[in-house]
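Number of protein chains: 2
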Amino acid sequence: MGPIASTGLKPGRDADWKAPSAPSPMEALLTLISSGNVLSFALGLPASELFPRELVSEAATRVLESNQALQYGSPQARLKEHIAGMMSDRGYPCSPDRILVTTGAQQALALIVRLLLGEGGSVVTEELVYPTFIQVLKPYKASFMTVPSDLRTGIDVEALEERLAQGVHGAFLYAIADGHNPLGVSISPSKRRRLAQIARQYRLPVIEDDAYGFLCYDGKREPPLSAYDPDGMFYVGSFSKILGPSLRVGWLVVPERFLRILSTLKEAADINTASLSQRIVCECLERMDLGAHISGLVEEYRRRRDCMLDAIRRHFPPGTTCITPSCGFFVWASLNVDIDTQALCMRAIEEERIAFVPGASFAVGEHAVARSCLRLNFSNCSPAKIEDGIKRLGSVTMRMLQSSRRSE
Amino acid sequence: MGPIASTGLKPGRDADWKAPSAPSPMEALLTLISSGNVLSFALGLPASELFPRELVSEAATRVLESNQALQYGSPQARLKEHIAGMMSDRGYPCSPDRILVTTGAQQALALIVRLLLGEGGSVVTEELVYPTFIQVLKPYKASFMTVPSDLRTGIDVEALEERLAQGVHGAFLYAIADGHNPLGVSISPSKRRRLAQIARQYRLPVIEDDAYGFLCYDGKREPPLSAYDPDGMFYVGSFSKILGPSLRVGWLVVPERFLRILSTLKEAADINTASLSQRIVCECLERMDLGAHISGLVEEYRRRRDCMLDAIRRHFPPGTTCITPSCGFFVWASLNVDIDTQALCMRAIEEERIAFVPGASFAVGEHAVARSCLRLNFSNCSPAKIEDGIKRLGSVTMRMLQSSRRSE
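As you go down the protein sequences, you meet chains L and P in turn.
Be aware that the first sequence starts at 1, since it is given in my numbering, and climbs by one per residue.
Be aware that the second sequence starts at 409, since it is given in my numbering, and climbs by one per residue.
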């Protein structure tokens with residue numbers, strides 16, 4: 001045993017979350033997927049072929065005409081102005097001064113958690129949560145107060161209020177108002193208003209994860225939740241789904257009084273967001289018609305979504321239900337029978353080389369319903385592959401259903 | 409008062425480190441420097457004109473021929489192999505599997521602190537420390553056990569052992585063996601060996617910050633401290649001083665048993681290091697003669713160092729002492745008289761538009777000697793500017809010295 005394991009690490013922390021030999025279900029999946037020729041509906045990858053690659057390449061060349069492009073740099077003021085313009089289009093006008101550029105949306109989440117959560121604190125989430133957000137919380141040994149969600153209408157605001165009225169206290173609420181991950185649901189304007197009221201009344205800060213908020217497929221896009229209480233909410237945005245995740249540029253819109261401390265936390269985390277990436281993004285935004293680019297993405301992703309919903313309807317066992325996601329990258333399919341989708345996932349990879357994420361991977365605690373659900377990504381496969389993959393996944397599901405019925 | 413300030417934030421944390429209206433001395437300096445035409449010896453910036461800009465631009469173009477360059481991506485295996493090769497040249501051969509690519513050296517430091525330190529834990533540092541590392545520790549409300557350092561020989565290893573023998577316990581020791589920031593000192597092979605022995609004996613993990621370790625100016629470069637106990641030390645490296653900080657690519661070499669947990673912490677921090685940057689760095693390393701490039705950097709930085717030492721000798725008050733730094737970007741000048749260099753700094757900016765960082769900015773606690781010292785960066789100015797700037801800074805110092813003697 002080396003010197004560190006026995007003393008340097010706090011024993012509690014060591015025992016609680018170090019777990020050196022247990023990869024997360026997501027990691028295990030990733031390993032399986034990357035190990036062979038697997039058709040993946042698992043991850044939330046944008047379509048590589050829809051990235052504005054030539055534009056980014058030209059922007060990089062242009063930016064690299066100056067030596068300063070490789071130097072340390074302050075956050076790009078011009079980039080913040082562009083983001084402010086995007087936020088205005090998004091229905092949440094804000095001053096560039098309230099924007100903090102981050103190393104992707106993930107770092108934005110991590111910084112806000114660092115700001116609001118102390119070790120052993122408690123947080124409020126839905127019962128089903130984006131797993132990489134949960135990873136941020138683990139080192140804090142946080143306890144969870146969970147709120148149920150409805151597949152059609154999203155987070156149960158009345159249940160939230162009930163718990164808060166009972167005196168439950170949290171460092172923050174983590175919420176996705178548009179294109180929920182994993183459920184795909186977006187919440188109504190009246191629910192946004194109510195949620196903002198309750199959060200304000202009970203002084204519960206809100207972290208709004210809007211990673212998918214610019215990709216809405218059905219008509220009018222609602223202003224984000226944060227627009228209903230800019231003074232109590234932390235808005236998280238990202239260029240990952242619009243320009244490309246490998247740039248690692250996201251942003252925060254925060255109440256002004258937290259800017260200084262967040263800048264300090266940001267500097268401690270990685271000095272600043274790669275200023276080469278910042279300059280490239282800025283140059284792209286100046287050269288492109290962003291609205292037209294987003295419209296193009298929306299059109300193609302809508303086509304893939306519809307193709308997936310249609311294929312599920314035709315190939316999955318009768319009784320399977322999906323809600324049409326109006327935003328984001330995921331279809332949440334409920335089999336509505338007693339099939340463990342974790343077992344189904346392993347079988348689908350083995351028999352058909354097809355991957356998805358089982359519903360249980362998103363559950364903060366036990367979640368009986370999620371056990372028979374699948375999160376299916378539609379953004380990263382062509383319609384032809386979606387049709388083929390869902391057909392084969394449907395047939396594995398049917399076989400599994402039949403064999404489980406035989407064994408009853 | 410908004411909803412968050414009064415409830416969401418833990419009151420203790422709020423009071424201890426939020427300090428919304430107090431910029432750090434470094435931040436205040438940065439604001440001053442960027443506000444006008446200031447000749448800066450303050451920051452640790454590499455020379456922009458020495459970046460291999462055209463190479464980076466060609467690499468970016470080449471990399472961006474593939475759509476995958478903008479997609480999420482696993483850490484680049486090829487990049488890790490290149491880094492392993494560099495580590496071998498550095499005198500610390502290691503398997504690519506023990507390398508974790510990070511968003512600059514700063515993130516590497518933040519991840520290791522996240523791994524080793526619990527809230528309210530204690531850490532071991534020298535009395536004078538790189539301030540942005542201290543920023544990482546603040547949210548943990550860590551207590552400090554400090555060890556003195558000698559300007560000629562570096563960290564006082566005997567004092568360290570004495571304290572550890574007294575039962576002082578720390579989550580880790582933060583150390584710079586080559587090109588200490590701010591002192592410029594590098595420690596001897598025998599001291600490295602002794603330090604490694606003591607750390608192992610008292611089971612004290614070591615974070616070795618080797619940001620400047622590839623830029624050594626006087627003959628033989630020693631293997632890093634980590635080479636003396638790979639199983640108990642965390643080595644932090646960086647491309648910032650070699651290729652360009654705006655890429656934000658650094659790395660860790662860690663004991664194998666911590667790889668999984670560190671990968672998880674890394675994913676939580678920002679998913680992965682900008683894979684565009686990773687691919688560009690990798691492409692550069694494949695196209696360039698890294699050894700020749702580093703030799704070129706070393707030659708020019710050595711010239712600037714010598715120019716600065718010579719100028720200080722000629723223009724600063726008699727009695728000023730400097731140790732010749734064999735590595736890194738800084739000269740630590742001790743005035744050896746009762747002049748507060750914080751006041752000198754303000755006066756130098758006002759009267760001569762020249763900036764440096766006052767010694768007290770690096771002190772973890774009170775530090776009487778550091779109060780009359782200056783950290784002077786020599787990497788970011790041409791020899792002509794160094795001569796001119798040091799001459800003017802010397803004259804402000806002389807004036808201040810004379811006026812303080814008159815008032816005595």
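Treat the hints with caution; some may be incorrect.
Stated by the list, open to error - Derived coverage of chain P by chain L (criterion: at least 3 residues anywhere in the stretch with Cβ under 8 Å from a Cβ of chain L; other residues may be distant):
hint: 1; stretch: 463-470
hint: 2; stretch: 479-485
hint: 3; stretch: 495-503
hint: 4; stretch: 513-523
hint: 5; stretch: 642-653
hint: 6; stretch: 665-677
Said to hold, decoys possible - On the chain P side, residues computed to face chain L include the following (Cβ under 7 Å):
hint: 7; residue: Leu453
hint: 8; residue: Pro547
hint: 9; residue: Leu684
hint: 10; residue: Ser811
Quick caveat, the hints were computed from the structure, so don't treat them as lab data.
Each residue gets a CB set at the ideal place from its N, CA and C atoms; glycine is no exception.
Checked against the structure, which of the hints given earlier come out wrong?
-> 3, 10
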